[in-house]
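A.B. asks: Start from chain V and add chains S and D according to the hints.
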Amino acid sequence: MAAESDARWVPVAISADIMDGTVIPARLPTGRIAVWRSVSGHIYANGDRCPHRGMRLSHGFVRGETLSCIYHGWRFGTDGACQKIPAHPAVAPPKTINCGALPVVEGNGVVWVATQRPSNEPSHIAGFEALRSLVITATPDAITHAFEGKTIVGATKVQLVGHDALLLMNILGPDEVFVIVLIETDLSVSDRLAVSAAVEGLRRAAETTEDAA
Amino acid sequence: MTAQAMRDAWYPVGLLSQLSFEGKDSLLLGQKITICGAETGAPRVESDGRNLPVVERFGHLWTTLGAPNKDLFTIPEADHPDRTRVDVGVVRVKCSPLRAVENFLDVAHFPFVHTDILGAESHPEVSEYKVEIRDDVDEVWATKVEFFQPQAAKSAGGGITTEYMYRVPAPTCSILYKTCPPRPDEWDVIALFVQPLTEDLCDVWPWMALFDDESAMTDLIHFQQLIFLQDRSILENQIPKRLPLDPAMETPTRADLTSIAYRRWLKRHNYTFGAQLVAE
Amino acid sequence: MILYDYILSPSCYKVRLLASLLDAPLELRAVDFHPGREHKGPELLALNPAGSIPILVDDDLVLRESAAMLTYVAARHGPDWLAVDDPIAVTQQQQWLAFSHRLTSALGGARLVEMLHFEGDLAALQANGIAALRELELALFARRLTGGVFLVGDTPSVSDIACFPYVALAPDGSVSLDSYPSIRIWMRAIRALPGFIEMPGIHRLHELAPDPFAEAST
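Residue numbers (our numbering), protein chains in the order written: chain V, 740 to 952; chain S, 619 to 898; chain D, 6 to 223.
With the rest of the complex left out, here is chain V:
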């Protein structure tokens, strides 16, 4: 049974990275999830596993407001309930067949998912927006160290080529962290490119420290 402390929002993707009508794989500390945006632009999340034969739903496809599994085409609605089983097109699927819809919200250009809906929305960070996400093969401490970061509540404050930035970390494993980089909203394209390049260099530093350790 999930503890009260499990009711927290986890940053799993950048909103701009999920186009209308597409599904992507993502990770929570509890396991793999599929995050998808319906054709009308609404965001949804559920477990990354079809209840039929366990195929990853993140390999599936979105039609309208539904997500279909690529294996047998089982079709799920926004509440996770199975709406259609193509092998038996005339039969209404039993209501118990469900791929496990999860609470999901968007804020600051980030997609946040929880296993249990927390009482509050994720805090809005004024003046910042998501730039890029990447996976760093290092511990959170090694990352904070390489980026010369300062840990604040829920994020790590850094400076990247002279710009204030924030790192959101979603810990995937002992040395695997999913990082979302937030930057000030008014940054120019060339500044964004410079920040992105700086992030690559610091990732390399964080990962090399790991090897040396």
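Just so you know, the hints here were simulated from the structure itself, not pulled from any lab data. Be careful, since some hints might not be right.
Pairs of lysine-lysine residues, derived as DSS-like cross-links and limited to a Cα-Cα distance of at most 30 angstroms, are as follows [as the list claims (entries may be wrong)]:
#1 834(V) / 885(S)
#2 642(S) / 45(D)
#3 859(S) / 642(S)
#4 859(S) / 45(D)
#5 712(S) / 650(S)
#6 748(S) / 688(S)
#7 650(S) / 834(V)
#8 642(S) / 762(S)
#9 712(S) / 45(D)
#10 712(S) / 859(S)
#11 688(S) / 650(S)
#12 748(S) / 834(V)
#13 772(S) / 748(S)
#14 650(S) / 859(S)
#15 885(S) / 748(S)
#16 688(S) / 762(S)
#17 885(S) / 688(S)
#18 762(S) / 772(S)
C.D. replies: Relative to chain V, chains S and D alone:
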């Protein structure tokens, strides 16, 4: 320790036409084996210092880690002299050997995985068919399976309703018999022989015995490789890796009668290498 | 044009894909690459001493490198897919075609080891593959910042087709694509192109086909 029942079965480990004289290392049920072709005399399979029993059949070399209580199965239809026998070539798949077999027994995925070849989204319905565990031969059989197929075989001219029969004569082998377009009274035979390397890794050795005088051998090989590689991208992405034998874990429907029978038969015989018994 | 082809070869697929996207006629000759190793036999070695496929033959012209084949097919049937007039874009195409060989060696090499029993240093191939994917992700992210989705210019080019297949099949060699959002968006843009064809392991976009269960519109 792998259940003895699984050790006592026969498994494919090589293509007779391609055995290496220097010896090739592999795995069988997690155990190291070495397969050697021979210039004269029979090929050998060695493991742990001893020579394992071997059989040469269906163009492949077969072996066992245990003491089988019956001979390797036969496929009498495949012996017909007018048939073209096709060694399709090994493909390694990062999945449970049992998942590889179960996928081969399924038709409901044809419209989505083999689109415009073995199935079409416009014709997804799986009608009732018959499944039984034949106790006299101790094999799983599905018959009267029908499915509309845009391109059923290399030899098919256009879309046809194909009839299928499925047969599981050993824990990691499956044979399908399907409508043969050039000879409507006969069946084309397509087999999947699976070598379990570990519980989540297998070598799949497909083989066929077809009536097809028109297509070049390479085209027949490529058609079957195409179909199998389409399945492979599914097989490597099923969770959990090991085939759940606990019925509560996955949700079958009436289209899945063959797989339900296969899982029941596996459990009955303790063929559990590559399976998980309870939800983890 | 005749393509000596193997259905499971991503390099052969590059040529088949571009020909389909450009509606260019292409005759296929199936080569028994696996298990038959026909590409190492005397007849094909005579045509290509490198012992590789694809091989593209058009009258007297014999091409043995997939990058050259893409360039040729585009030159004959779709010059918009080459940047002929812009020297910077021409150079960028060259850079991406060269880069695509790293994808072939690393991601393709890992795939052959894991799938078809080829020999190779799997860990090194995977590490090189990940390094190449990270570079590709960065470049595609940079393109997105200026509203682009393809590698060079505003429309797809031979660079995209040269890089796409081995990237899309990276999981065959146990290199996951989960952490590259810009690569994912780029792959989808390619798969949505009119005339896109699949190869085993690279699915079509089912959502582009009409929904057989669509309710009649109200």
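A.B. asks: If a hint holds in the structure, say so; if it doesn't, say that too.
C.D. replies: Now the hints, each set against the structure:
1. 834(V) / 885(S): holds, 29 angstroms
2. 642(S) / 45(D): Given that 30 angstroms is the threshold and the Cα spacing comes to 21 angstroms, the pair holds.
3. 859(S) / 642(S): Status holds; Cα separation ~27 angstroms.
4. 859(S) / 45(D): violated, 37 angstroms
5. 712(S) / 650(S): Roughly 18 angstroms separates the two Cα atoms, so the pair holds.
6. 748(S) / 688(S): With a Cα-Cα distance of about 26 angstroms, the restraint between residue 748(S) and residue 688(S) holds, given a limit of 30 angstroms.
7. 650(S) / 834(V): violated, 47 angstroms
8. 642(S) / 762(S): violated, 42 angstroms
9. 712(S) / 45(D): Satisfied, since the Cα-Cα distance of roughly 28 angstroms is no more than 30 angstroms.
10. 712(S) / 859(S): holds, 9 angstroms
11. 688(S) / 650(S): holds, 24 angstroms
12. 748(S) / 834(V): Holds: residue 748(S) and residue 834(V) sit about 27 angstroms apart, inside 30 angstroms.
13. 772(S) / 748(S): With Cα atoms ~27 angstroms apart, residue 772(S) and residue 748(S) stay inside 30 angstroms; holds.
14. 650(S) / 859(S): At roughly 22 angstroms apart (the allowed maximum being 30 angstroms), residue 859(S) and residue 650(S) satisfy the hint.
15. 885(S) / 748(S): holds, 21 angstroms
16. 688(S) / 762(S): holds, 28 angstroms
17. 885(S) / 688(S): At roughly 19 angstroms apart (the allowed maximum being 30 angstroms), residue 688(S) and residue 885(S) satisfy the hint.
18. 762(S) / 772(S): holds, 22 angstroms
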